[in-house]
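Asks: Below, each chain spelled out in residue letters.
2 protein chains.
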Amino acid sequence: MFVVPKVLVNDDGSLGTPNDVQCLSIEHKLGIHASPTCVMAYGQSQGAVGYLVGEPNRGLEYMFVMMNAARLSVGLEGYAVAERAYQQALDWAGTRIQGKPPGVRQEGPAPIVHHPDVKRMLLSMKSQTEALRALTLYTAWQLDLGAQHPDELARARAQARGDLLIPVVKACSTETGIELASLGIQIHGGMGYVEETGAAQAYRDVRITTIYEGTTAIQSNDFAGRKLARDRGESMGALIADMRAELQALQIDHPAVMSARDASLAGVEELEQATHSLLQSYAQSPERALAVSVPMVRLAGYVIGGWLLTFSAAIAAHRLANGATDRDFLQGKIASARFYASQVLPQATALARVVATGADGVLDVGEAALSR
Amino acid sequence: MFVVPKVLVNDDGSLGTPNDVQCLSIEHKLGIHASPTCVMAYGQSQGAVGYLVGEPNRGLEYMFVMMNAARLSVGLEGYAVAERAYQQALDWAGTRIQGKPPGVRQEGPAPIVHHPDVKRMLLSMKSQTEALRALTLYTAWQLDLGAQHPDELARARAQARGDLLIPVVKACSTETGIELASLGIQIHGGMGYVEETGAAQAYRDVRITTIYEGTTAIQSNDFAGRKLARDRGESMGALIADMRAELQALQIDHPAVMSARDASLAGVEELEQATHSLLQSYAQSPERALAVSVPMVRLAGYVIGGWLLTFSAAIAAHRLANGATDRDFLQGKIASARFYASQVLPQATALARVVATGADGVLDVGEAALSR
Numbered sequence: 001m002f003v004v005p006k007v008l009v010n011d012d013g014s015l016g017t018p019n020d021v022q023c024l025s026i027e028h029k030l031g032i033h034a035s036p037t038c039v040m041a042y043g044q045s046q047g048a049v050g051y052l053v054g055e056p057n058r059g060l061e062y063m064f065v066m067m068n069a070a071r072l073s074v075g076l077e078g079y080a081v082a083e084r085a086y087q088q089a090l091d092w093a094g095t096r097i098q099g100k101p102p103g104v105r106q107e108g109p110a111p112i113v114h115h116p117d118v119k120r121m122l123l124s125m126k127s128q129t130e131a132l133r134a135l136t137l138y139t140a141w142q143l144d145l146g147a148q149h150p151d152e153l154a155r156a157r158a159q160a161r162g163d164l165l166i167p168v169v170k171a172c173s174t175e176t177g178i179e180l181a182s183l184g185i186q187i188h189g190g191m192g193y194v195e196e197t198g199a200a201q202a203y204r205d206v207r208i209t210t211i212y213e214g215t216t217a218i219q220s221n222d223f224a225g226r227k228l229a230r231d232r233g234e235s236m237g238a239l240i241a242d243m244r245a246e247l248q249a250l251q252i253d254h255p256a257v258m259s260a261r262d263a264s265l266a267g268v269e270e271l272e273q274a275t276h277s278l279l280q281s282y283a284q285s286p287e288r289a290l291a292v293s294v295p296m297v298r299l300a301g302y303v304i305g306g307w308l309l310t311f312s313a314a315i316a317a318h319r320l321a322n323g324a325t326d327r328d329f330l331q332g333k334i335a336s337a338r339f340y341a342s343q344v345l346p347q348a349t350a351l352a353r354v355v356a357t358g359a360d361g362v363l364d365v366g367e368a369a370l371s372r
Numbered sequence: 373m374f375v376v377p378k379v380l381v382n383d384d385g386s387l388g389t390p391n392d393v394q395c396l397s398i399e400h401k402l403g404i405h406a407s408p409t410c411v412m413a414y415g416q417s418q419g420a421v422g423y424l425v426g427e428p429n430r431g432l433e434y435m436f437v438m439m440n441a442a443r444l445s446v447g448l449e450g451y452a453v454a455e456r457a458y459q460q461a462l463d464w465a466g467t468r469i470q471g472k473p474p475g476v477r478q479e480g481p482a483p484i485v486h487h488p489d490v491k492r493m494l495l496s497m498k499s500q501t502e503a504l505r506a507l508t509l510y511t512a513w514q515l516d517l518g519a520q521h522p523d524e525l526a527r528a529r530a531q532a533r534g535d536l537l538i539p540v541v542k543a544c545s546t547e548t549g550i551e552l553a554s555l556g557i558q559i560h561g562g563m564g565y566v567e568e569t570g571a572a573q574a575y576r577d578v579r580i581t582t583i584y585e586g587t588t589a590i591q592s593n594d595f596a597g598r599k600l601a602r603d604r605g606e607s608m609g610a611l612i613a614d615m616r617a618e619l620q621a622l623q624i625d626h627p628a629v630m631s632a633r634d635a636s637l638a639g640v641e642e643l644e645q646a647t648h649s650l651l652q653s654y655a656q657s658p659e660r661a662l663a664v665s666v667p668m669v670r671l672a673g674y675v676i677g678g679w680l681l682t683f684s685a686a687i688a689a690h691r692l693a694n695g696a697t698d699r700d701f702l703q704g705k706i707a708s709a710r711f712y713a714s715q716v717l718p719q720a721t722a723l724a725r726v727v728a729t730g731a732d733g734v735l736d737v738g739e740a741a742l743s744r
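So the protein sequences, as listed, match chains R and D.
Residue numbers for the first sequence, in my numbering: 1 to 372.
Residue numbers for the second sequence, in my numbering: 373 to 744.
Hints were generated in silico from the structure; no laboratory data involved.
Please note that the accuracy of each hint is not assured.
[Unchecked claim] Derived, one-sided and incomplete: chain R residues facing chain D with beta-carbon distance under 8 Å: (1) Ser25; (2) Gly54; (3) Glu55; (4) Ala291; (5) Arg319; (6) Asn322; (7) Asp326; (8) Arg338; (9) Thr349; (10) Arg353; (11) Val365.
As the structure is a prediction and not an experimental result, all values here were calculated from the model.
C-beta: ideal position from N, C-alpha, C; glycine also.
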């Protein structure tokens with residue numbers, strides 16, 4: 001790794017001659033227009049001067065320290081753009097008057113938030129952004145424990161869990177972030193397609209997040225190979241055991257929360273079976289696992305998100321029962337867990353089946369059969 | 373409906389004075405930049421002249437004739453953009469050299485098409501574009517039969533099936549079109565985010581298709597209300613009976629095709645159960661059905677697509693067994709059906725569960741609980 005300044009510095013600290021570094025062109029990108037991407041040329045005429053960062057031959061090692069942090073950050077970016085998209089869409093849905101939604105008793109037209117499908121889309125955004133935020137925070141907490149916990153064994157366990165979850169955060173927050181930014185446009189209707197509302201910008205900006213700092217496939221291959229196969233599923237097994245034990249122990253007099261618990265517990269079973277399937281495939285040949293590694297990492301994200309949302313809802317129900325005053329906020333947490341359990345988590349079943357049986361339909365296909 | 377010319381025409385046919393019609397502004401849209409969208413002002417000063425099209429008070433009726441055709445066409449647009457995106461992505465994946473994919477025996481780096489996840493994405497695009505094309509053509513054929521079949525009863529049946537499927541084509545080809553255009557970017561990697569490859573344009577252009585000529589929610593509500601509930605599931609029941617009978621009767625000595633048949637048949641069962649669930653919900657209150665009508669229409673699209681791809685694969689297997697020479701093309705048809713059965717159709721299971729149990733988690737939520 002080198003630092004290559006635009007202008008060289010004299011021995012006395014004053015600015016010297018320009019370095020031989022030129023920007024040849026600026027790319028026309030789909031989004032993130034505030035961050036120019038350039039084609040750079042170094043040393044085309046007199047030769048560019050660069051300064052080595054750190055020690056020779058340790059660049060790749062340094063790069064991976066940066067990359068692990070960057071992956072968590074880009075995951076956070078995927079969530080964050082979706083969060084902004086939700087806030088915009090919610091504001092639009094509450095103020096845009098159009099038609100008379102079914103079941104609304106007031107005279108005349110009403111805001112579109114009362115249409116069942118608009119509410120479905122908003123809840124899809126709300127529940128999934130909350131799941132992704134919880135997943136990201138949980139992972140960051142594990143990494144903090146891995147660095148700072150006084151007990152060595154606890155540090156090692158937390159670090160292993162954080163490492164396990166980094167590709168899940170990166171892959172799932174960004175892939176779901178794209179889906180949610182697209183829903184944000186949909187809630188705006190035709191105005192979402194016009195740049196002035198900002199909905200389209202979220203859709204353009206978030207699209208890079210599944211690509212940079214390692215594509216979703218790279219995250220998924222890291223997850224399948226380094227995070228699941230290398231320790232033979234030990235870190236994942238520990239997480240599954242914790243999720244199962246906590247969900248089984250959860251008892252609260254609130255049917256919606258208990259129903260979300262049951263759905264999450266079923267998801268944990270599916271995740272466990274899929275992990276076994278994937279490890280078996282990997283043992284046969286890594287390719288078999290890599291043909292279904294993206295479905296595998298997304299399955300993990302959905303199930304872990306369901307576990308965290310269930311506990312968020314349980315805490316909210318407990319506080320509501322004890323006279324908390326922020327009732328709308330707390331009801332919202334229960335609404336998120338309930339919607340997620342009934343409309344998002346069913347995807348775990350589909351993905352578990354893909355992990356178990358989907359590899360042959362990829363690996364057996366030759367390049368010639370793909371042609372049009 | 374009125375025609376409002378830019379320039380008025382004199383009695384002798386020569387061009388007269390400009391009409392009082394002005395374009396106030398051109399919108400800055402996410403895509404379809406070749407089709408300007410304008411804010412128009414009519415009659416701001418002396419009054420604009422318009423000419424009535426057809427008879428008074430029949431405008432809505434005329435509009436729906438236009439709209440039914442437009443919905444099929446926009447569905448076709450969703451498929452067509454995804455098809456273009458596939459062709460671009462396939463070309464890129466076959467020529468872009470990067471890394472050494474697992475299982476590739478050649479020396480040095482190879483085209484990315486050999487990476488299992490790139491192949492998975494390409495097969496997702498190939499199989500789903502073929503399913504959507506088949507669905508669109510099947511629907512158009514039914515509408516042709518509805519207009520031209522010599523037998524009156526056959527005309528009525530075909531018209532009812534065409535009417536049933538128009539919202540399925542519109543909703544599913546456009547929603548899946550967006551997903552596939554996004555995969556097209558992903559296959560291109562970072563270059564997909566740069567406008568010069570064209571991958572980003574597909575993603576921008578296709579995004580309008582779920583919005584104009586009736587959003588996906590409008591299609592889904594039409595599907596649930598006018599197409600399923602109004603005839604108490606009769607048209608859908610006839611389609612389900614046909615699909616089941618044809619799939620059950622299919623016998624071919626080709627394990628992959630028979631496996632796709634089994635998966636399609638399971639999908640038909642799920643579609644039938646979901647149709648019953650939806651009709652029950654609708655009978656309780658239309659809102660209950662409308663809270664899961666988008667999952668319902670997408671379920672229908674996935675299952676009908678699976679049925680059509682299975683028959684495409686069966687025809688291909690038959691031709692291969694009889695010495696056909698276009699073997700790559702025919703193997704590709706079998707590859708599509710097989711991939712679709714194992715990696716796409718599992719979504720039908722998830723969606724059927726959403727249709728059966730997802731409505732309460734939407735309808736019970738008040739607007740206040742959505743706030744951040």
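Asks: Are the hints correct? Go through all of them and say.
Replies: Hints versus structure:
{"no.": "1", "hint": "Ser25", "verdict": "11 Å, violated"}
{"no.": "2", "hint": "Gly54", "verdict": "26 Å, violated"}
{"no.": "3", "hint": "Glu55", "verdict": "27 Å, violated"}
{"no.": "4", "hint": "Ala291", "verdict": "4 Å, holds"}
{"no.": "5", "hint": "Arg319", "verdict": "14 Å, violated"}
{"no.": "6", "hint": "Asn322", "verdict": "19 Å, violated"}
{"no.": "7", "hint": "Asp326", "verdict": "11 Å, violated"}
{"no.": "8", "hint": "Arg338", "verdict": "5 Å, holds"}
{"no.": "9", "hint": "Thr349", "verdict": "6 Å, holds"}
{"no.": "10", "hint": "Arg353", "verdict": "4 Å, holds"}
{"no.": "11", "hint": "Val365", "verdict": "4 Å, holds"}
In this structure, the earlier hints numbered 1, 2, 3, 5, 6, 7 are contradicted, and the remaining ones agree with it.
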